[in-house]
Amino acid sequence: DVKVTQSSRYLVKRTGEKVFLECVQDMDHENMFWYRQDPGLGLRLIYFSYDVKMKEKGDIPEGYSVSREKKERFSLILESASTNQTSMYLCASGGGQREVILPTYEQYFGPGTRLTVT
Amino acid sequence: AQSVTQLDSHVSVSEGTPVLLRCNYSSSYSPSLFWYVQHPNKGLQLLLKYTSAATLVKGINGFEAEFKKSETSFHLTKPSAHMSDAAEYFCVVSNSSSNTGKLIFGQGTTLQVKP
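If you read the sequences in order, they're chains B and C.
Residues in the first sequence are numbered consecutively from 1, following my numbering.
Residues in the second sequence are numbered consecutively from 1001, following my numbering.
Don't read these hints as lab results, they were simulated from the structure.
Bear in mind the structure is a predicted one, so any value in this text is a computation, not a measurement.
One thing to keep in mind: the hints can contain errors.
Computed cross-link-like contacts, EDC-like style, restricted to lysine to aspartate or glutamate with a CA-CA straight-line distance of at most 16 Å [what the hints assert, rightly or not]:
#1 K1058(C) with E1071(C)
#2 K70(B) with D28(B)
#3 K3(B) with E22(B)
#4 K1042(C) with D38(B)
#5 K1049(C) with D38(B)
#6 K3(B) with E106(B)
Short derived list, chain C residues pointing at chain B, Cβ under 10 Å [unchecked claim]:
#7 G1043
#8 L1044
#9 Q1045
#10 L1046
Calculated Cβ distances over 12 Å to all of chain B for the following chain C residues [what the hints assert, rightly or not]:
#11 L1020
#12 R1022
#13 N1024
#14 S1026
#15 S1032
#16 T1055
#17 E1064
#18 K1068
#19 G1106
#20 L1111
By construction, the Cβ of each residue, glycine as well, lies at the ideal position given by its N, Cα and C atoms.
All chains, please: the whole structure from these sequences, using the hints.
Next up, the structure:
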């Protein structure tokens, strides 16, 4: 089974703190993604990475950065946490360009990190 | 550009009755389509996927969905609801012309199952 793990299930941080959310996948996927999920807004893509050290902005990158130093690990960084970043953060991984079979692009999700910024 | 619209934000059914969750998509290319389920305080789990093979797709837990190109729809159905089906469901589309694997999510439909 594909496994995507996230470093914390629940996290409470203070405004202005630097926050690191980590995600690890064990399926050798090339693509990894960070989303935030808010009631009524569904899932919104923050950043994604299609290879080590490669990253691209998603729909709402402001206030966030990412790091992908190793294929299996994708970190989301909140440079200076603010209360409007209180949310559920979901990490996902998927196939990639090297799939031989027609790529199906399904993503596998971690359990989520519920971050509260006070 | 791709988009997906889930036509109901909330659906309520009685246990043992059929489930219908509606989804319409818009895509310039041949899409891949998915349904994901999210139980409370959990991550998303893939229910089923359509990738240009059979138009009727069977998934886990008795769910299935039919791809109808003429109607640009991908509705999710189940003949008989179970209490454990209560969750949030997301219809998702992928642009198969892109190799980045980005997905576009609908707003979600909350399924309530009454005893």
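Going down the list of hints, with the structure as the test:
| no. | hint | in the structure |
| --- | --- | --- |
| 1 | K1058(C) with E1071(C) | 19 Å, violated |
| 2 | K70(B) with D28(B) | 11 Å, holds |
| 3 | K3(B) with E22(B) | 14 Å, holds |
| 4 | K1042(C) with D38(B) | 14 Å, holds |
| 5 | K1049(C) with D38(B) | 24 Å, violated |
| 6 | K3(B) with E106(B) | 14 Å, holds |
| 7 | G1043 | 4 Å, holds |
| 8 | L1044 | 4 Å, holds |
| 9 | Q1045 | 7 Å, holds |
| 10 | L1046 | 5 Å, holds |
| 11 | L1020 | 20 Å, holds |
| 12 | R1022 | 16 Å, holds |
| 13 | N1024 | 15 Å, holds |
| 14 | S1026 | 16 Å, holds |
| 15 | S1032 | 5 Å, violated |
| 16 | T1055 | 16 Å, holds |
| 17 | E1064 | 17 Å, holds |
| 18 | K1068 | 20 Å, holds |
| 19 | G1106 | 7 Å, violated |
| 20 | L1111 | 15 Å, holds |
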